[in-house]
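*Asks:* These are the residues of each chain, in order.
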Amino acid sequence: MEKEKKQFYDKLEEKGVSRRDFMKYCTFLTATMGLSASYVTKVADVFAAPAQRPPVIWLHFGECTGCSESMLRSTYPYPDDLVLEILSVEYHETIMAASGEQAEDNLHSAMKKYDGKYICVVEGAIPTKYNGAYGKIAGRTFLEIGQEVCPKAAAVIAIGNCASFGGIQAAAPNPGGYKGVGEALNIKPVNIPGCPPNPVNFVGTVVNYLLLGRLPKLDNLNRPIFGYGKTVHDQCPRRSHYEYGEFVEEFGSEEAAMGYCLYKLGCKGPETFNNCPVAKYNDGTSWPVEAGHPCIGCSQPGFWDKMTPFFEEL
Amino acid sequence: MAKRIVVDPITRIEGHLRIEVEVENGKVKNAWSSANMFRGIEMILQGRDPRDAPLFTQRSCGVCTYVHYLSSVRAVEAAVGVEIPKNARLIRNLLHGAQFQHDHIVHFYHLHALDWVDVVDALKADPSKTATLSSNVSDAPWGGAPYYKQVQQRLQTFVDSGQLGPLNNAYWGHSAYKLSPEANLMAAAHYIEALRLQSRAARMHAIFGAKNPHLQSLVVGGVTSVRDMLKPDRIAEFKHIWKETQEFVERVYIPDLLTVASHYKDWGAIGGTTNFLAWGDLPQSEKEPESLFLPRGVIFDRDIGKVMAADQEKVAEHVTHAWYEDGEARHPYQGETRPKHGDYETGGEKGSWEFGEAKTGKYSWFKAPRYENRACEVGPLARALVAYGTGNKAFKDVVDRTLKHLDVPVTALFSTLGRTAARGLETMVIGNAMEGWIDELVENIKSGDTKTYQSWEMPDKGMGYGLNDVARGALGHWIEIENKKIKNYQYVVPSTWNLGPRCKGGVVGPLEEALIGTPIADPKRPLEILRTVHSFDPCIACGVHVIDPDSNEVYKIRVS
Chain Y
1 MEKEKKQFYD
11 KLEEKGVSRR
21 DFMKYCTFLT
31 ATMGLSASYV
41 TKVADVFAAP
51 AQRPPVIWLH
61 FGECTGCSES
71 MLRSTYPYPD
81 DLVLEILSVE
91 YHETIMAASG
101 EQAEDNLHSA
111 MKKYDGKYIC
121 VVEGAIPTKY
131 NGAYGKIAGR
141 TFLEIGQEVC
151 PKAAAVIAIG
161 NCASFGGIQA
171 AAPNPGGYKG
181 VGEALNIKPV
191 NIPGCPPNPV
201 NFVGTVVNYL
211 LLGRLPKLDN
221 LNRPIFGYGK
231 TVHDQCPRRS
241 HYEYGEFVEE
251 FGSEEAAMGY
261 CLYKLGCKGP
271 ETFNNCPVAK
281 YNDGTSWPVE
291 AGHPCIGCSQ
301 PGFWDKMTPF
311 FEEL
Chain C
1 MAKRIVVDPI
11 TRIEGHLRIE
21 VEVENGKVKN
31 AWSSANMFRG
41 IEMILQGRDP
51 RDAPLFTQRS
61 CGVCTYVHYL
71 SSVRAVEAAV
81 GVEIPKNARL
91 IRNLLHGAQF
101 QHDHIVHFYH
111 LHALDWVDVV
121 DALKADPSKT
131 ATLSSNVSDA
141 PWGGAPYYKQ
151 VQQRLQTFVD
161 SGQLGPLNNA
171 YWGHSAYKLS
181 PEANLMAAAH
191 YIEALRLQSR
201 AARMHAIFGA
211 KNPHLQSLVV
221 GGVTSVRDML
231 KPDRIAEFKH
241 IWKETQEFVE
251 RVYIPDLLTV
261 ASHYKDWGAI
271 GGTTNFLAWG
281 DLPQSEKEPE
291 SLFLPRGVIF
301 DRDIGKVMAA
311 DQEKVAEHVT
321 HAWYEDGEAR
331 HPYQGETRPK
341 HGDYETGGEK
351 GSWEFGEAKT
361 GKYSWFKAPR
371 YENRACEVGP
381 LARALVAYGT
391 GNKAFKDVVD
401 RTLKHLDVPV
411 TALFSTLGRT
421 AARGLETMVI
431 GNAMEGWIDE
441 LVENIKSGDT
451 KTYQSWEMPD
461 KGMGYGLNDV
471 ARGALGHWIE
481 IENKKIKNYQ
491 YVVPSTWNLG
501 PRCKGGVVGP
511 LEEALIGTPI
521 ADPKRPLEIL
531 RTVHSFDPCI
541 ACGVHVIDPD
551 SNEVYKIRVS
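So the protein sequences, as listed, match chains Y and C. What the first sequence shows, in this note's numbering, is residues 1 to 314, in sequence order. What the second sequence shows, in this note's numbering, is residues 1 to 560, in sequence order.
These are calculated hints, taken from the structure and not from any lab test. From the three backbone atoms N, C-alpha and C, an ideal C-beta is built for every residue, glycine too. Honestly, I wouldn't trust all of these hints.
To be verified - One-sided and incomplete, this derived list gives chain Y residues near chain C with beta-carbon spacing under 10 Å:
(1) 99
(2) 169
(3) 198
(4) 209
Claimed, not checked - Label-pair restraints from in silico Cβ distances:
(5) Y:5 - C:516: 49 to 57 Å
(6) Y:237 - C:458: 52 to 60 Å
(7) Y:115 - C:251: 31 to 39 Å
(8) Y:172 - C:450: 55 to 63 Å
(9) C:162 - Y:10: 22 to 30 Å
(10) Y:117 - C:326: 24 to 32 Å
(11) Y:243 - C:240: 45 to 53 Å
(12) C:458 - Y:243: 27 to 35 Å
(13) Y:172 - C:175: 46 to 54 Å
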C-alpha cells in the first residue's frame, strides 16, 4: 500500500500535479461530499491505492451523450485515471474500442462475470410507447436492455436529468412516452440530475461508495444530499442583490454588467436544488449565473415543462 | 454470393446507429444506414416560447454541444428581426472556434484513432525507438524514452490486471492495421494526452459560456457573459487555453494525422462521395454569406473548379425510407415530423435473415435531406473543398502542403482519408484565426464599445432560419412564429445529410455511397466499415452480426 502510494505521487509529479494540489482537490471533494475533514486522507487513498477497480456498465438510452462528455471534463481525477486506474469501464458505447457483436459480448460477459457486483450507470431516458420501439440497440429496445442489466447491478446510478426524470424527450407532448430509469423499470436508482450534471457529483457518489462501501444519503427524489441538499438561490453569490431588491430587468443593461440578481429575468434558482454556485463547472471556472444567464432549473424533475418559459419570472 | 453484415451498435459515436452492408468478392456491394432512436424534439417545441428554442435544441447533442444553441438562436433572431452587436458576434465566434478545436481533437483521438491504431500492439514497441520516431515527426511537448516507457508500463499494468474495460474484444491484430508498434505507442500516448487536453480546452467554453457541455450564455439578441468580457484576466485566460490547445493541434494532432495517413494512403481512394454542401460559418461582419470565414457553396460531381452559390430554398427532406408518415419531399418550412414506427426493412433478398420482402422499405429514424434532389456530403471535407475551390488562401495552402507531403493527387481528397485529413487541417486554420478574433474583441472593448445585447420585441408572426456550419457539417434551423409562439420548428442536421437513408428516388445517402466499394478483409471483423463510418463523425451508436443469406445464420463475431 505504501509503495503504491509513493508510485502514485511520483506519477502525479510527472503529470505536473503536486501532492499539495492533489490534497487540495481531495479536500474540496470531501467537503462537497459533506464528509468531515478527517476523511480527506481516506478520500486520497481511494485514488492513490485503489484496492480494486469496480466494474462499471454504462448504458446509453434516449440522450445526447452530454453527461458522458461532462464526466470526460473531470480534471481531477483526469478521465484517463478514471478509466485506467480507478474504475473498470466494461461497457460504454462512446469510448469502447469494440463495436457490434463484440461490444454486445462485452456487455453480456461483464454481467456474468460481475453478477450482482457491478455499478450500472444509466444515461438517458427510456421510451415506453409501442413497447419501447422508439429506441433500440442491436435489435433490442432500451426497455428490454434496462430490464435485463439494471436489476443485477450492485447499484444503479441514473446520471443526468433524462435518466433521473425523463429529461427533454419526456417534455410535453412526450412523443415517445419517455420516462426516467426509476419510473420505467420500477427501481430506486441514485439520481444525479443536471443537464448535464457536474462531474464532481458523480465522482463524489462513486468515491463515497468506494470509501464507505455504500451510497451517499439521498433526498426524497433520490439525489445525493451532499450535492442537492440546498437551493441554488440559497448558495448564490448574487443573493444579497435579491435581498436588497437589486434586479436585472433586461439583458445588456447596466444592472447586468453590475451582476445584479437575475430573478426577474426568470432565474429558477429559488426552486432548484443543486450545488452549482459552490462547485461550479469545468474545474471551477464558471456557472450560468456567473455568466449572466438565469438558472433554468435543470436538476429538477420535469423542468422542461415546469420551469418554462425560461425567461419569465417564477 | 453476397453476404450481409450488420454492425449494431456502432460505438465511438454519439447515439444509436446501425449499419448493414452486403459484401461480395471482398468488397461492399450495397449499404444501409439506420438511425435507431427517435426523440421528437421538433414536436416538443411546438407551441412554446421561441426564446426557449435554443436551450431545447442544444440538447440534441452533448458531443457537438453549443452548435444547435447557436444555429437556433440565429434562426429566432432572423424571425424576430434583430441584429446582434459586434462583441456578441465575436464572442459567439470564439466559442464556436473553441468548439471546432475541442470537437475535432476528441474525434481524431478518442472516436476515430482506434480504427487505425492497434493499442495492444503498442506493448511490443521499443520505447527508445518510439522516442526517436516521435522527435522526428513531431514537436510534441512530451517525449523521450523514459516517457514512452512509462506510458507503455501503464498500458501493460492495465492489460495485466485482466480488466481490459474499453479496450476489450476489439479488432486488435487485424491485418488492416499497418502502423509499427512504435507508431502505435506514440499514438496511444497522445490518446491519453488528448484526453487531458480536451478537459482543459473545454474551459474556453466555461469562460464566456458558463459551462461545457451545454453552454448557457446566448440569448436572442446577443450574449449574457458581459462581466466575463469586461474582465481582462478572463480574456487572458481564454487566450492562454486557446494557445495551449492550438499548440497541441500544430505540434501533435497534425503530425500524428500525417504519420497515420502516410501508412494508409490506399484509403485515399476508398470511401469517397460525389456532391458537397457547405452553408459556411464564422461571420466576420454582419454581411452573410460574403463575410463568412468558412465559405458557403455547393459542388456537384466532384467538380471543385465550379463551386456554386448555395441556396436554402433548394433543400427538401424525403421520408420514403424513414419511419414517418409518407408524404412529398418538403422544404423545412413546410416540414412535418409525424413518426410512424414500423419494421426494419431494407428490402433484402428473399430468404435473408430478418429482411424478407420489403413492404414499406423504411429502415431509419433519419429523414433524407436532398439539395436539388442530390445527396450531399457535409462536414470538414465539404468545407475544405468549397474553400479550396473558391481559392481561399488559408485552406489552399494547408491542403496543397498536405497533398505534397503525402505525395498524393488532389483526387485523394474524395475519400475516407481525405475526410479525416480535412478535419485536422480545418482545426488548424480555424484555430489560427481565433487569435485575431480575441485581439479584435480586446480592441473593440478598448474603443469603448461594451455592448453585448440588442433589445427587440417578439412579433406576432415571423419566419426565419439560421444556416451554420458546425464541426460535423451544414446545419440549418427553420422556425415559424405565430401568436408569439412556435408554430413550426424543423432542423436539418449534418448527420441526416451524411447518414440519412435513401431518398424517394432510391438514391443512397452519402455514407451509404461511401461504404460501397470498401474492401472487407474479414467479414467477421469488419474494421474497414468502422473507418469510413467514423470518418463522418456520426452523431447518433452499434453491434455486428454477419448474415449468411444461404443459411440464415447470424454469425457471432468474436475477437479475443
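*Asks:* All hints are to be evaluated individually against the structure, with a verdict given for each.
*Replies:* Taking the hints in turn, this is what the structure says about them:
1. For residue 99 of chain Y, the suggested interface contact is upheld, since its CB lies about 5 Å from the closest CB of chain C, less than 10 Å.
2. Because the closest C-beta pair between residue 169 of chain Y and chain C is about 4 Å apart, less than 10 Å, the hint holds.
3. Interface hint status for residue 198 of chain Y: upheld, as the beta-carbon distance to the closest one in chain C is roughly 8 Å, under 10 Å.
4. With 10 Å as the threshold, the beta carbon of residue 209 of chain Y stays out of range of chain C, its nearest partner Cβ sitting at about 17 Å, so the hint is violated.
5. With their beta carbons about 56 Å apart, residue 5 of chain Y and residue 516 of chain C fall inside the hinted range of 49 to 57 Å.
6. With their beta carbons about 31 Å apart, residue 237 of chain Y and residue 458 of chain C fall outside the hinted range of 52 to 60 Å.
7. The beta-carbon spacing between residue 115 of chain Y and residue 251 of chain C, approximately 47 Å, falls outside the hinted interval of 31 to 39 Å.
8. Checked against the hint of 55 to 63 Å, the pair residue 172 of chain Y and residue 450 of chain C fails, with Cβ atoms roughly 40 Å apart.
9. Distance hint for residue 162 of chain C and residue 10 of chain Y: a CB-CB separation of about 24 Å, consistent with the stated range 22 to 30 Å.
10. Distance hint for residue 117 of chain Y and residue 326 of chain C: a CB-CB separation of about 49 Å, inconsistent with the stated range 24 to 32 Å.
11. Look at residue 243 of chain Y against residue 240 of chain C: about 36 Å separates their beta carbons, and that is not inside 45 to 53 Å.
12. A hinted range of 27 to 35 Å holds for the C-beta pair residue 458 of chain C and residue 243 of chain Y, which are about 31 Å apart.
13. The hint said 46 to 54 Å for the Cβ distance between residue 172 of chain Y and residue 175 of chain C, and at roughly 53 Å that hint holds.
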